[in-house]
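Visitor: Residue numbers (the working numbering), protein chains in the order written: chain B, 263 to 447; chain W, 88 to 180.
I should point out that these hints are in silico values taken from the structure, not numbers from a laboratory.
Some clues are possibly wrong.
[Stated by the list, open to error] Just so you have them, the derived chain W footprint on chain B, three or more residues with Cβ under 8 Å:
#1 274–287
#2 304–310
[As the list claims (entries may be wrong)] Here are some chain W residues the structure puts well away from chain B; computed CB gaps all over 10 Å:
#3 N124
#4 L147
#5 S150
#6 L152
#7 R154
#8 T173
[Said to hold, decoys possible] Examples of chain B residues lying across from chain W (beta carbon under 8 Å, computed):
#9 V266
#10 L268
#11 D293
#12 L298
#13 S300
#14 A314
#15 Q321
#16 H427
#17 D430
#18 V434
#19 A438
#20 P443
#21 H446
Because the structure is a prediction, the values reported are computed rather than measured.
C-beta atoms are modelled at their ideal positions from N, C-alpha and C, and glycine is treated no differently.
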Amino acid sequence: MTEVMLFGGLFMAFSVYRIAHARAFDLGSNDMSIVLGSLNTAVLISSSFTMALSVHAAQEGKTRRLAWFLGATIVIGALFLGIKFTEYYLHYQDRKVPGVWFETNTPDAAGFQMFYVFYFLMTCLHALHMTVGLAILLTLLGMTLLGRFSREYHNPVVLTGLYWHFVDIVWVFLYAIFYLPGRHL
Amino acid sequence: MTEPVVSRKTYALTYGGLLLLTVATTLLSYIDMGPFNMVVALVIAVVKASLIAAVFMHALYESTLVRVVLAGGILWFLILISLTMTDYLTRYR
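This is chain B alone, in the form it adopts within the complex (with noise of 0.2 Å):
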């Protein structure tokens, strides 16, 4: 519910922004990279395919199974996280990064830097949850490895599952309103 309300009110000025720089906005969208953003969103879901496996394994009480399909969950998080620097990089690269160095040609300059403040400020939070969920699952991988779950008490499992596809969730909706709002100009 907290969670909610963090991004529900970034979510919330991103609108007001794009309502006042409409044409910005979707000048800045046509600037993201479809190809990295769809393959992240791609990889994402499969993470939290894996880890709703890694629940349905602890379920069963099946540890060996649920250290795989965590171990898993964790690399392909990773590559998310890798795939996103990567774009990062990109954008310091195009002078894209909010700041004195940024650079544009567009007519509504301060209008498209806001577009990037939003962009860096909302996917660099859900990165920042990314990192949190990866130690989380390490915890748990490394508790599963010491036996410490069975068939009768997994629920940090199902918490951090709960976590887990909530942050995809959220991934859902940037992957919406940054990179494809834009696409066809």
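Keeping the supplied structure of chain B fixed, place chain W upon it in accordance with the hints.
Guide: Okay, now just chain W, sitting in the frame of chain B:
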């Protein structure tokens, strides 16, 4: 604790559906639909989010109380958006 409430087949089907929707929304974004590009992207995002919540997060299989809490979060977010938009959507004309 509990038995698995969702079969692995259901998870796999949901996963396939989510990937298909991702491909669909990406392809649709190349068509110029004016202001409806954002609408279509958001509608598909809502469908994907619902699939994740319903199946991966087991919202479909939870008690009424849990579902009311989930609905409460969505409701509060909609209040936040709609009351703000009554201002900003009528401002620039």
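Visitor: Run the structure past the numbered hints and jot down the numbers of the failing ones, going up.
Guide: The structure breaks hints 3, 10, 11 and 12; every other hint is satisfied.
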